[in-house]
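**Student:** For reference, the chains in residue letters:
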Amino acid sequence: MIDLEPLWLTAELALITTAILLVVSLPICYWLAFTKFKFKSVVEAIVSLPLVLPPSVLGFYLLVAFSPQNAFGEFLDQYFDVRLVFTFEGLIIASVIYSLPFMVHPIQAGLKNLPASLREASFTLGKSKFTTLIKILLPNIKPSILIGIVLTFAHTVGEFGVVLMIGGSIPDETRVASIAIYDEVQAMNYEAANLYAGILFVFTFLILLGVYLTNNTFSKANPLNND
Amino acid sequence: MIKFYAHKTLQTADGKLPLDVSFSVEKGQFITIYGNSGAGKTTILRILAGLTDTEKSLVEVEGECWNNSEKRFVLPIQKRSVGFVFQDYALFPNLNVRENLAFALQKGNDKNMVNELLELMELQSLQNSKPQYLSGGQKQRVALARAIVRKPKILLLDEPLSALDDEMRFKLQDYILKAHQHYQLTTILVSHHLPEIFKLSDQVILLDKGKIIKEGTPAVVFSEEKISSKFKLTGEIIAIEKSDVIYIVSVLSGANIIKVIATEDEITDLKVGTKVMVASKAFNPMIQKIS
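Those protein sequence lines, which keep their order, are chains U and F.
Residues in the first sequence are numbered from 1 upward in steps of one, following my numbering.
Residues in the second sequence are numbered from 1 upward in steps of one, following my numbering.
A few of these clues could be false.
[To be verified] DMTMM-like, lysine to aspartate or glutamate: derived pairs with alpha carbons at most 25 Å apart:
| hint | chain 1 | residue 1 | chain 2 | residue 2 |
| --- | --- | --- | --- | --- |
| 1 | U | Lys40 | F | Glu159 |
| 2 | F | Lys171 | F | Asp208 |
| 3 | U | Lys142 | F | Asp88 |
| 4 | U | Lys36 | F | Glu55 |
| 5 | F | Lys107 | U | Glu120 |
| 6 | F | Lys16 | F | Glu159 |
[Stated by the list, open to error] Some but not every residue of chain U turned toward chain F, in silico, with C-beta under 7 Å:
| hint | residue |
| --- | --- |
| 7 | Val96 |
| 8 | Phe123 |
| 9 | Gly168 |
| 10 | Pro171 |
It should be emphasised that the hints constitute simulated quantities derived from the structure, not laboratory data.
All C-beta atoms in this analysis are idealised placements derived from N, C-alpha and C, irrespective of residue type, glycine included.
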């Protein structure tokens with residue numbers, strides 16, 4: 001029987017990353033969707049960078065930044081007693097950065113596609129930006145939020161390069177499923193690799209199937225959808 | 001009393017257009033802004049509500065400063081006592097009718113206001129419906145009721161009835177008038193519809209290419225006083241047909257089509273869609289373009 005720990009670790013990492021990103025992304029999405037800031041494109045490019053950057057590049061720079069031998073890592077180590085290299089906490093931070101665009105893009109697009117008058121109507125009724133976002137805008141873009149959550153989750157499950165660079169393969173700490181598969185293949189242990197891979201394959205497929213099923217029901221009931 | 005001055009460069013299909021407008025409105029009045037599309041009507045409402053910024057502006061409502069570009073002061077939208085009815089109604093799809101109205105309540109507002117407005121607008125039977133299941137006229141009533149929940153100083157209506165058929169229009173005009181009088185609101189309406197303007201407004205502001213070209217009561221603004229006439233009515237040309245040496249002009253006024261005979265000289269500045277006044281003197285009706 002294979003060790004189930006990597007699968008639990010993957011699930012835990014993906015859950016925590018998704019939860020953090022959901023909170024962190026909302027203000028970024030709101031800002032990106034409605035700002036008239038001149039250099040907005042620069043910010044958009046930075047947010048989207050993880051989409052195109054090889055994971056090893058991102059992983060390498062994070063490794064350098066988090067290393068206690070360098071300024072930022074040393075600062076964290078000395079003042080907060082936090083070490084982000086080869087730890088689960090480090091993986092979470094890296095995953096949050098790596099999956100950021102997968103959460104931001106769908107929500108930003110959802111907000112932008114809402115009629116501007118919804119937001120303006122809420123403002124003229126005396127409501128703040130925060131109340132408007134929580135009570136009016138978000139409830140009307142549920143499908144976009146769902147897509148953001150699922151893509152982020154699935155993308156974190158599938159992470160490999162970044163994890164390998166800054167996490168390595170420490171059992172019960174950073175050895176997530178994708179790394180475990182790699183290790184087993186290296187050790188010529190194809191049966192175990194096949195099991196891990198099979199489980200991930202079926203699991204990921206089921207998530208996506210679930211999303212498309214719910215989303216089709218959503219868009220049929222969506223009052224803003226004129227189809 | 002509203003004192004309004006604003007200057008803003010508008011980006012229109014025909015290039016840049018400076019909007020430069022100054023007017024004042026007495027408390028409790030019903031004002032209509034009339035003009036061609038792209039003349040800047042909606043922009044004026046949006047500036048009043050704080051939804052659009054300006055290059056120069058001085059807006060004062062009942063002694064309270066809302067905009068003062070010299071002092072670089074702009075009162076935030078949320079702090080302006082306005083009710084805004086949008087062209088697309090902007091009802092919140094996730095809330096039902098009652099919740100849409102209740103959303104507008106502020107801390108300390110009387111919660112009975114929602115019940116009162118549901119009753120006044122005859123919406124009780126629909127209060128638990130989501131906006132997507134309402135007809136255009138019903139949505140309009142909800143939007144109007146929601147804009148009034150806070151008892152605003154100014155009610156701003158941006159072509160609220162343009163998407164409705166005539167019958168529904170007449171009914172809703174009554175609702176608007178009822179709300180205006182019942183809550184003693186100062187109301188500013190943007191409208192294209194002459195019968196509506198005559199029925200509702202105390203004063204009309206005629207806007208053309210960003211400038212006010214005429215102001216006054218509807219009768220003064222829309223008719224040339226020099227014609228002494230037995231009757232006059234206004235409408236829109238829907239057809240011009242040539243018949244031998246004369247032309248037959250069909251004018252739609254309200255729900256009636258009136259055919260008027262015109263000479264070639266008379267139709268030179270008339271075309272389909274032109275707003276006209278048909279007046280009858282002792283012998284023959286005459287037809288004239290209104291600015």
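**Student:** Which hints from the list above does the structure break, by number from lowest to highest?
**Tutor:** 1, 2, 7, 9, 10
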